[in-house]
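K.L.:
Hey, can you work out the whole structure from these sequences and the hints?
Here is what each chain is made of, one letter per residue.
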Amino acid sequence: MATRILIPTPLRPYTDKQDAVDAEGRTVGELLENLTQKHAGLKAHLFNEQGKLRSFVNVYVNDEDIRYLQKEQTPVAPGDTISIIPSVAGGVDRVSGERVSGTFSGSAVAEKVPDTLPQLTNDEIKRYSRHLIMPEVGVEGQRKLKASKVLCIGAGGLGSPVAMYLTAAGVGTLGLVDFDVVDFSNLQRQILHGTPDVGRTKLASARDRLQALNPEITIKTYETALSSENALKLFQPYDVIVDGTDNFPTRYLVNDACVLLGKPNAYGSIFRFEGQASVFGAKNGPCYRCLYPEPPPPGLVPSCAEGGVLGVLPGIIGTIQAMETIKLILGIGEPLVGRFLIFDALRMKFRELKLQKDPDCPVCGTHPTVTKLIDYDQFCGVHPAAPEPLESTTVQASPLDISAVDLKARLDRGDDLLIVDVREPQEYQINRIPGSVLIPLGDVPKRYNELDPNQEVVVQCKMGGRSAKAADFLRSVGFKRVLNLTGGILAWIDKVDPTQPKY
Amino acid sequence: MRVTVRLFARLRDVAGASELTREVAPGATVGAVWAQLTREFPDFAAYERSISSAVNADYARMDREVRDGDEIAFLPPVSGG
Numbered sequence: 001m002a003t004r005i006l007i008p009t010p011l012r013p014y015t016d017k018q019d020a021v022d023a024e025g026r027t028v029g030e031l032l033e034n035l036t037q038k039h040a041g042l043k044a045h046l047f048n049e050q051g052k053l054r055s056f057v058n059v060y061v062n063d064e065d066i067r068y069l070q071k072e073q074t075p076v077a078p079g080d081t082i083s084i085i086p087s088v089a090g091g092v093d094r095v096s097g098e099r100v101s102g103t104f105s106g107s108a109v110a111e112k113v114p115d116t117l118p119q120l121t122n123d124e125i126k127r128y129s130r131h132l133i134m135p136e137v138g139v140e141g142q143r144k145l146k147a148s149k150v151l152c153i154g155a156g157g158l159g160s161p162v163a164m165y166l167t168a169a170g171v172g173t174l175g176l177v178d179f180d181v182v183d184f185s186n187l188q189r190q191i192l193h194g195t196p197d198v199g200r201t202k203l204a205s206a207r208d209r210l211q212a213l214n215p216e217i218t219i220k221t222y223e224t225a226l227s228s229e230n231a232l233k234l235f236q237p238y239d240v241i242v243d244g245t246d247n248f249p250t251r252y253l254v255n256d257a258c259v260l261l262g263k264p265n266a267y268g269s270i271f272r273f274e275g276q277a278s279v280f281g282a283k284n285g286p287c288y289r290c291l292y293p294e295p296p297p298p299g300l301v302p303s304c305a306e307g308g309v310l311g312v313l314p315g316i317i318g319t320i321q322a323m324e325t326i327k328l329i330l331g332i333g334e335p336l337v338g339r340f341l342i343f344d345a346l347r348m349k350f351r352e353l354k355l356q357k358d359p360d361c362p363v364c365g366t367h368p369t370v371t372k373l374i375d376y377d378q379f380c381g382v383h384p385a386a387p388e389p390l391e392s393t394t395v396q397a398s399p400l401d402i403s404a405v406d407l408k409a410r411l412d413r414g415d416d417l418l419i420v421d422v423r424e425p426q427e428y429q430i431n432r433i434p435g436s437v438l439i440p441l442g443d444v445p446k447r448y449n450e451l452d453p454n455q456e457v458v459v460q461c462k463m464g465g466r467s468a469k470a471a472d473f474l475r476s477v478g479f480k481r482v483l484n485l486t487g488g489i490l491a492w493i494d495k496v497d498p499t500q501p502k503y
Numbered sequence: 001m002r003v004t005v006r007l008f009a010r011l012r013d014v015a016g017a018s019e020l021t022r023e024v025a026p027g028a029t030v031g032a033v034w035a036q037l038t039r040e041f042p043d044f045a046a047y048e049r050s051i052s053s054a055v056n057a058d059y060a061r062m063d064r065e066v067r068d069g070d071e072i073a074f075l076p077p078v079s080g081g
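Heads up: the sequence lines are chains S and W, in that order.
Take the first sequence: its letters are residues 1 to 503, numbered as in my numbering.
Take the second sequence: its letters are residues 1 to 81, numbered as in my numbering.
Treat the hints as calculated values from the structure; they're not laboratory data.
Don't be surprised by glycine CBs; every beta carbon is placed ideally from N, CA and C.
Errors might be hidden in some of the hints.
Which residues of chain S face chain W? A few of them, derived with a C-beta cut under 10 Å, are [as the list claims (entries may be wrong)]:
#1 G79
#2 G156
#3 F271
#4 Y292
#5 G318
#6 A345
#7 M348
Cβ pair distances, simulated, as ranges [said to hold, decoys possible]:
#8 S:T369 x W:N56: 25 to 35 Å
#9 S:G478 x W:P26: 43 to 53 Å
#10 W:G16 x S:R130: 45 to 55 Å
#11 W:G31 x S:T369: 47 to 57 Å
#12 S:H367 x W:N56: 22 to 32 Å
#13 W:E48 x S:E334: 53 to 63 Å
#14 W:P26 x S:H367: 53 to 63 Å
#15 S:Q188 x W:P26: 43 to 53 Å
#16 W:G31 x S:G299: 45 to 55 Å
#17 W:A25 x S:D415: 27 to 37 Å
#18 S:Q73 x W:N56: 30 to 40 Å
P.N.:
Here you go:
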């Protein structure tokens with residue numbers, strides 16, 4: 001009895017345009033043999049020179065991948081449906097990261113018909129020779145890399161190693177989204193950028209560095225803030241999206257856009273000495289919202305600028321993201337789908353959480369409530385900063401605030417002011433206002449009774465955020481007059497004492 | 001019964017430890033363990049709605065019951081890049 005084999009669109013030119021063909025056989029191997037006898041043109045597309053099924057051809061028996069059954073020896077019974085699933089060639093690249101029968105199929109992009117993959121030049125063969133001699137990559141894998149398109153969000157701590165390793169590895173098109181300018185404080189970890197790049201846009205700096213590393217690849221730069229308006233259009237041409245952003249609104253935006261478009265998200269995130277990595281948004285795999293349905297309230301989780309980060313850490317997490325990206329493109333190994341990797345650099349430990357797709361997930365669940373991109377600033381409770389007044393004198397300052405210039409004037413006048421610096425001791429070691437006392441924000445509730453509530457107090461931190469909280473607290477416990485230094489120590493250095501270092 | 005609690009990121013800073021052992025009532029859920037920690041470390045409370053949790057390295061919800069000897073992990077999100 002004949003078994004029906006479903007033929008994908010790219011292979012239909014070889015089956016007289018039929019989308020299904022009946023063939024005879026007791027095993028998958030016999031069926032395919034019979035199929036290629038009937039349609040000889042298929043043979044070169046399904047089998048390599050050694051007569052082995054090509055690695056980019058996935059065969060399913062009733063939706064089960066034969067690689068997890070008995071491969072070509074998998075028996076077929078009458079009534080079974082066989083599907084041949086190579087990659088869709090041309091612009092319809094698909095890195096679905098599909099999970100089949102609870103096991104990641106590793107299919108990824110990457111299942112492209114080899115005829116449509118770009119050829120390698122002699123220079124490229126020399127350049128990628130250490131890849132080419134490994135059977136897991138080989139010429140075909142390197143051609144998949146050349147055909148692939150990866151979009152990296154952010155050209156900072158994580159984006160640096162991601163972009164550099166993907167460039168070196170020969171990913172054909174690398175897109176970068178960033179709108180920042182290189183700052184001295186970036187150089188301790190953002191190895192895309194060098195000292196001469198300070199003040200340039202990160203994208204200009206990245207383009208030079210990456211193109212020098214590998215002139216064979218195409219670098220596309222998007223100097224824009226990723227937004228709900230542009231994300232889907234930006235992501236559309238790409239096979240894999242790499243999340244190297246540094247804030248929650250963008251992370252939720254990247255996640256949702258990837259889920260809506262069915263594109264895998266090679267996720268990484270860092271904090272001080274800890275890192276996280278996973279692959280979200282793979283077909284049938286969980287997404288970021290399955291793990292964190294709700295964003296933290298603003299200000300609760302410090303950024304690298306507030307909390308600090310050891311420079312090597314994004315190197316480790318970013319290279320994991322790059323490795324996962326390449327595995328997805330090649331369709332090899334076991335990607336971090338449904339696994340959440342946690343790295344602790346101080347203890348040098350990797351831990352892994354098993355993560356299931358949440359059927360109630362608002363984006364990727366069975367009844368999604370988020371079906372288009374939303375306002376992520378609002379979702380995360382972040383209010384875009386109001387534009388700064390050009391001249392502080394032109395606006396009515398809040399009576400609860402004091403400017404650096406006014407503070408200096410009052411100190412010079414000999415006013416009896418107590419300056420309380422609520423930063424951490426390591427920050428206080430870098431710079432300080434003479435005469436200030438240090439009480440870190442977290443200690444204020446325990447130590448405010450060291451201060452006289454009848455004395456006028458000026459609270460101050462790095463930029464004014466933490467000190468605003470301290471001021472609220474001190475007023476709530478009965479301090480008569482508390483002023484917050486607008487712009488913190490940085491404004492003090494800018495306006496009053498430029499000899500001190502900034503951080 | 002005794003459980004091991006693993007803390008990550010800011011929670012570790014707040015508690016001053018990455019690993020704690022705590023006695024919890026029989027039949028306690030992950031949420032009950034969290035509530036107990038919040039009494040001990042009041043600053044935990046702010047994280048309640050945004051943490052994720054795991055029991056024995058398996059992602060778990062707050063209503064999951066814990067057993068003697070379980071390892072319970074609490075992970076606040078981090079966003080650095």
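K.L.:
All hints are to be evaluated individually against the structure, with a verdict given for each.
P.N.:
The hints, checked one at a time:
no. : hint                       : result
1   : G79                        : violated (38 Å)
2   : G156                       : holds (6 Å)
3   : F271                       : holds (4 Å)
4   : Y292                       : holds (5 Å)
5   : G318                       : holds (9 Å)
6   : A345                       : violated (12 Å)
7   : M348                       : violated (13 Å)
8   : S:T369 x W:N56: 25 to 35 Å : holds (31 Å)
9   : S:G478 x W:P26: 43 to 53 Å : holds (45 Å)
10  : W:G16 x S:R130: 45 to 55 Å : holds (46 Å)
11  : W:G31 x S:T369: 47 to 57 Å : violated (24 Å)
12  : S:H367 x W:N56: 22 to 32 Å : holds (29 Å)
13  : W:E48 x S:E334: 53 to 63 Å : violated (34 Å)
14  : W:P26 x S:H367: 53 to 63 Å : violated (36 Å)
15  : S:Q188 x W:P26: 43 to 53 Å : holds (50 Å)
16  : W:G31 x S:G299: 45 to 55 Å : violated (24 Å)
17  : W:A25 x S:D415: 27 to 37 Å : violated (57 Å)
18  : S:Q73 x W:N56: 30 to 40 Å  : holds (37 Å)
Checked against the numbered hints given earlier, the structure breaks hints 1, 6, 7, 11, 13, 14, 16, 17 and satisfies all the rest.
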